[in-house]
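Novice: Chains as they are written, first to last, in numbering that gives the first Met the number 0: chain A, 0 to 343; chain B, 0 to 343; chain C, 0 to 343.
Derived by calculation from the structure, the hints in this document are not laboratory data.
One or more of the hints may lead you astray.
Identical chains share a label here; the pair holds if one copy fits it or two copies do between them.
Distance condition first, Cα-Cα at most 25 angstroms in a straight line; then the derived BS3-like pairs of lysine-lysine [claimed, not checked]:
hint: 1; residue 1: Lys32; residue 2: Lys43
hint: 2; residue 1: Lys185; residue 2: Lys43
hint: 3; residue 1: Lys294; residue 2: Lys312
hint: 4; residue 1: Lys290; residue 2: Lys43
Remember, it's a predicted structure, so these values are computed and weren't measured experimentally.
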Amino acid sequence: MFRLQELVDRLGGVIAGDGAVAVARVAPLDTAKEGDLAFLANRKYLSQVGECAASALIVTPDLREALAGRNLILTADPYLYFARVAQLFNPPPAVRPGVHPLAAVASTLPASVQVGPGASIEEDVVLGEDVVIGPNCHVGRGTRIGRGTRLYANVSVYHDCVIGEDCILHSGVVIGADGFGFAREKSGAWVKIPQAGRVVLGNDVEIGANTTVDRGALDDTVIGDGVKLDNLIQIAHNVRIGEHTIMAGCAGVAGSARIGARCMIGGQAGISGHLSIADDVVVSAWTLVAKSITKPGVYTGNLPLQTHGDWVKNFSHLRHLDALARRVRQLEQHSDGPDDRSQG
Amino acid sequence: MFRLQELVDRLGGVIAGDGAVAVARVAPLDTAKEGDLAFLANRKYLSQVGECAASALIVTPDLREALAGRNLILTADPYLYFARVAQLFNPPPAVRPGVHPLAAVASTLPASVQVGPGASIEEDVVLGEDVVIGPNCHVGRGTRIGRGTRLYANVSVYHDCVIGEDCILHSGVVIGADGFGFAREKSGAWVKIPQAGRVVLGNDVEIGANTTVDRGALDDTVIGDGVKLDNLIQIAHNVRIGEHTIMAGCAGVAGSARIGARCMIGGQAGISGHLSIADDVVVSAWTLVAKSITKPGVYTGNLPLQTHGDWVKNFSHLRHLDALARRVRQLEQHSDGPDDRSQG
Amino acid sequence: MFRLQELVDRLGGVIAGDGAVAVARVAPLDTAKEGDLAFLANRKYLSQVGECAASALIVTPDLREALAGRNLILTADPYLYFARVAQLFNPPPAVRPGVHPLAAVASTLPASVQVGPGASIEEDVVLGEDVVIGPNCHVGRGTRIGRGTRLYANVSVYHDCVIGEDCILHSGVVIGADGFGFAREKSGAWVKIPQAGRVVLGNDVEIGANTTVDRGALDDTVIGDGVKLDNLIQIAHNVRIGEHTIMAGCAGVAGSARIGARCMIGGQAGISGHLSIADDVVVSAWTLVAKSITKPGVYTGNLPLQTHGDWVKNFSHLRHLDALARRVRQLEQHSDGPDDRSQG
């Protein structure tokens, strides 16, 4: 429960209306009830405000007049403000210091650390203050984990990795498994190339459930500060991801790819190996990046959905596009009309 | 070992031939041996029956005459009957009540529950009768799991989730990890939006290995009764899936998508966020759904395979389709022939 | 630390230069320092050798003259030789025999086996010599694991599976979960078909983090000797994969597909069910194989990347390809020029 005035004291913004009003929850416009604090992130939903029962609203300053009579917090970015208020209402779970008797710990840990039942921590592991190692996690020999980082249940971190401060690793994450490197014998058999590099995660990195980040072959795999990876993502060996890049679920990044800072990579996108993506690139969902991208912008390569019948009819031509193009060229050569090919 | 008569007494159907014949196993037509019960789910395999050594066959009633002399169980849906017989021959593993001494349990559990070694169950967890919590599973504070549900080894369920009755969660499943929600600062840094919703699974839900279902941001993520999810599927926050929908491996569903009842979603399909899919929709494998689907039917958007050479030749034109279409328009404008564009 | 002469004594090859030179590490050409052994796998990097500080180089014999004055190991396949040297420098972690007191073991194991904390091994499990079962792994009843195989932390192996010798299973791997098999009732509800088959892995198989291999329905799922699977791959029930086939991350193989020997399957590729792929087939990344492939070769079906604007412009025509083709046909019928359609 916070009064609007308390929120503004902590988070900034300007109050219009009654600063003594108390709110107990944040909620979206369309379901907010009395006692809730709603937010209007996009002006196109302004018409919904009339029916909204929320006790107060987070809005941009230009709406002050239009919403006169409501209790408002005015701020340039209501969605960002909502995020910060939601953090106040939903603080992360408290650290409960101590090592559970069913954990197996072979390193010396700070007293502030929490280690859950079934967790195992090998030799020469260095944990910062307030680190939480969830139930049944494994942390391999020589790994370092920075202050305030939390591993939820069933996370596996291999040996000699580095994880920064204030990171969140969700259940099932695997950090530092061997990269996929083999040399081929003439017989066709594959000879394993030992993966001697590490994984190095920056600070404030969040990694979603069952995502995997492989260790490097000779050098390291490096994930920059503030990177956010969703669930079930594969990051191959020697990949480098710049700070504040965000990647949606089921994306895959092949070996030695370099992704810039502040990129946004869509779900199920694929990034081929040994290429570079510039800073501030947006890759749409379900898109393959098979060549380097050197300029910021939005890049797409996915397919429209059709009814199955239309798909059969239209996509049968994909195998014959070259013939079709040749036929058009032929027609042009025998046409009397002006030639438009130069524009193609 | 069951006699045909016993099977029909339990499962219905009509015997033609000798009801005293005993069968010990179900098997496909082409590999069935003496003592086996085979099934003919599709009339096109009728010619194989002559060589089939099975002691009895499950077939549709119309085949009674054609297969006179064989021992038959006649039923309208042989494949469904086969499934039920297979369940009789292969009952689920028995529950072995008790909490393993290497489990860490902080809630009061019914005596009928089985908790494996290394499992951890936090405070305020409510388990129904005959629940099985496999080795090294984790069940977070406040979660409820209904009667008869089984978690195989290494499943992670976060706090405050609800799992129905008779569900099966395979190894590596993660239920209730944080949804992927962030607001962006001007600097490009991402501010975490706490995920305060839950995951609510209905009854008879089966979830395949390493599949992840994220908790909602403000509302819940809801999976209906009888839904079946294959392995390595990502279900993002606030998704809703209607009852008896089935989804094949590696599919991904983005945030707040609503999928109807009795849908069938193919492997590696992608469903974008904030859209709706009607009941009884079939989405083909490897297809992206980026817009809502309002009518039942089969929808497809995947690519034909070609030899690499043909692919280079044909798909190089994909970047120039607009130019090609323009050239065709140009030709049409200068052609004397009847104009066919109206049909396009 | 090895002298070149020692390396050649163990691994073959011919020395040019000083065999007494000692190297302590392998490194790529562009970052190698004094004391390192670099390798030149591709002649196109020859120009980099001049600046390379490595103490010695692995090269093909034809470069002997061009690199006179450097210390060389001459071998037909420098990359393969590099792999073997890297193995010498980075031997696999030693087995530390013994069962951790926090493991739950219900079978009799050889004294040479290592079982980590939190691991659980059910009844009737047979482990070969020097097997390593990592922390929090689970091995189900009746499973057999061959000599020298290593399971990293948090691997789940269901009952009655067979894993060969010298395999490596990375964290989060799930072997033997139920295949995805259901029969449909008229109501739309799905009836589970018990999965009574096994998973059988050959020798020298490596399986990447969080990859899943489902058990067969009636028959087995079979992975041949020397197969290498990357992370987050789904192998459905009754799939068969021939020896030395390699598959990159996030690929998915649907039920009963048969993949030949020595195939290379790209990342995020999809293989539909009930089809066959011949030996020595290469499938490009992000490609769907929906029909059988009967001949060796490279096959592709992925999409070019475009700026979002170009994509909108070009790909809007994909829904109208049939109309476009029809319009071209129409133009041809009314054209006086020679008809080129026969070449299409």
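Novice: For Lys185 vs Lys43, is the C-alpha pair at or below 25 angstroms within one copy, between two copies, both, or neither?
Specialist: This pair counts as between: shortest inter-copy Cα distance 22 angstroms, intra-copy 64 angstroms.
Novice: Between copies, within a copy, both or neither: which fits Lys290 and Lys43 at Cα up to 25 angstroms?
Specialist: between (38 angstroms within a copy, 20 angstroms between copies)
Novice: At most 25 angstroms between CA atoms: does that hold for Lys32 and Lys43 within a copy, between copies, both, or neither?
Specialist: Classified as within: same-chain Cα gap 21 angstroms, cross-chain 60 angstroms, threshold 25 angstroms.
Novice: Within, between, both or neither: how does the pair Lys294, Lys312 come out at a Cα-Cα threshold of 25 angstroms?
Specialist: between (36 angstroms within a copy, 20 angstroms between copies)
Checked against the numbered hints given earlier, this structure breaks none of them.
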